Amino acid sequence: MKYGYLGPEGTFTEAALEQLLAQRGESGTAERYAAISVPDALGRLQRGELDGVVVPIENSLEGGVPATLDALTRHGELQIVAETLVTVAFVCAVRPGTALEDVRAFGTHPHAEAQVRSFLRRRLPAAEYIPTASTAAAAKALSEGTADYQAAIGPALAAERFGLDIAEADIGDNADAVTRFILVQRPGSLPERTGADKTTIVAGLRSDRSGALLELLEQFATRGITMSRLESRPTGNGLGLYQFSIDLLGHVEEERVAEALAGAYRICRELRFLGSYPSADGKITPVESLTTDTAFQAARCWLDGILEHGRRD
Numbered sequence: 001m002k003y004g005y006l007g008p009e010g011t012f013t014e015a016a017l018e019q020l021l022a023q024r025g026e027s028g029t030a031e032r033y034a035a036i037s038v039p040d041a042l043g044r045l046q047r048g049e050l051d052g053v054v055v056p057i058e059n060s061l062e063g064g065v066p067a068t069l070d071a072l073t074r075h076g077e078l079q080i081v082a083e084t085l086v087t088v089a090f091v092c093a094v095r096p097g098t099a100l101e102d103v104r105a106f107g108t109h110p111h112a113e114a115q116v117r118s119f120l121r122r123r124l125p126a127a128e129y130i131p132t133a134s135t136a137a138a139a140k141a142l143s144e145g146t147a148d149y150q151a152a153i154g155p156a157l158a159a160e161r162f163g164l165d166i167a168e169a170d171i172g173d174n175a176d177a178v179t180r181f182i183l184v185q186r187p188g189s190l191p192e193r194t195g196a197d198k199t200t201i202v203a204g205l206r207s208d209r210s211g212a213l214l215e216l217l218e219q220f221a222t223r224g225i226t227m228s229r230l231e232s233r234p235t236g237n238g239l240g241l242y243q244f245s246i247d248l249l250g251h252v253e254e255e256r257v258a259e260a261l262a263g264a265y266r267i268c269r270e271l272r273f274l275g276s277y278p279s280a281d282g283k284i285t286p287v288e289s290l291t292t293d294t295a296f297q298a299a300r301c302w303l304d305g306i307l308e309h310g311r312r313d
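Here the working numbering is used: position 18 in the sequence shown is 18, and no number is missing along the way.
Pair by pair, the computed Cβ-Cβ distance ranges are: (1) G188 - S118: 42 to 50 angstroms; (2) T235 - W302: 36 to 44 angstroms; (3) R209 - A262: 14 to 22 angstroms; (4) G25 - T235: 34 to 42 angstroms; (5) K2 - T222: 41 to 49 angstroms.
Honestly, the hints are just simulated from the structure, not real lab data.
Computed from a prediction, not measured in an experiment: that's the story for all the values here.
Ideal Cβ placement from N, Cα and C applies to all residues, glycine included.
Take these sequences, add in the hints, and give me the full structure.
Dropping the structure here:
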């Protein structure tokens, strides 16, 4: 099996891939490919060049990842089969023999720089910031001696991958920062229902209907389904035209989720199912007694009886 991820090497996305491969027992056998972008990775997946792709979809500090949300809706039929969470922990890496006192400039990606400013004020107040294309690119250039800086800020994996020393670890402003990554494959059989699952959909509403979003949300609320994420993204077809990327707590094999999706399909201009898969946190989704599979099946039996034999109380 060959898996792609949002490169370059040494990024948090590679760390997420390694976590998922370990969970699937494929660490020692899988091939890895570092893609230059999310569309590049998903395009190669669709063409059959890759068997799976790992990309970031949500960050606890910044919300959804636009590049991934948009690419998932524009690359034909794809299916999310797994997810994992990676703690966003940063280190300050240097070449062997370099002390923090020797650092006159540092390199990192702008998103990383924005998350370590307390450390910078405290330990590198006079150092010049040099933006880089990625945290891994900063570490690689430093290790190769081609950088105009003496320190690189990024994940510990990048420091390890490029032979750098860690001058200081855990330098992030938010110790609880976490990014959610998904494993995407071509459509196939659904992951088994576990009781701790998510279902991801993309809904395009009918623009000529007032209250269309409320009508969609009611499909979930009346069946006791919790949304863990709801984000709007432009369709790209004109101003004011949006679609909604939604995560639901539950599996499509559950009666309540299946009925909700059927209702959503009926009222939406377009509804794309992107997968039902185990939640990374493993938390069992509570289901009210009136929305269990048994309750839905009992209601269906009652209705079948009416249709077959006439009215029943």
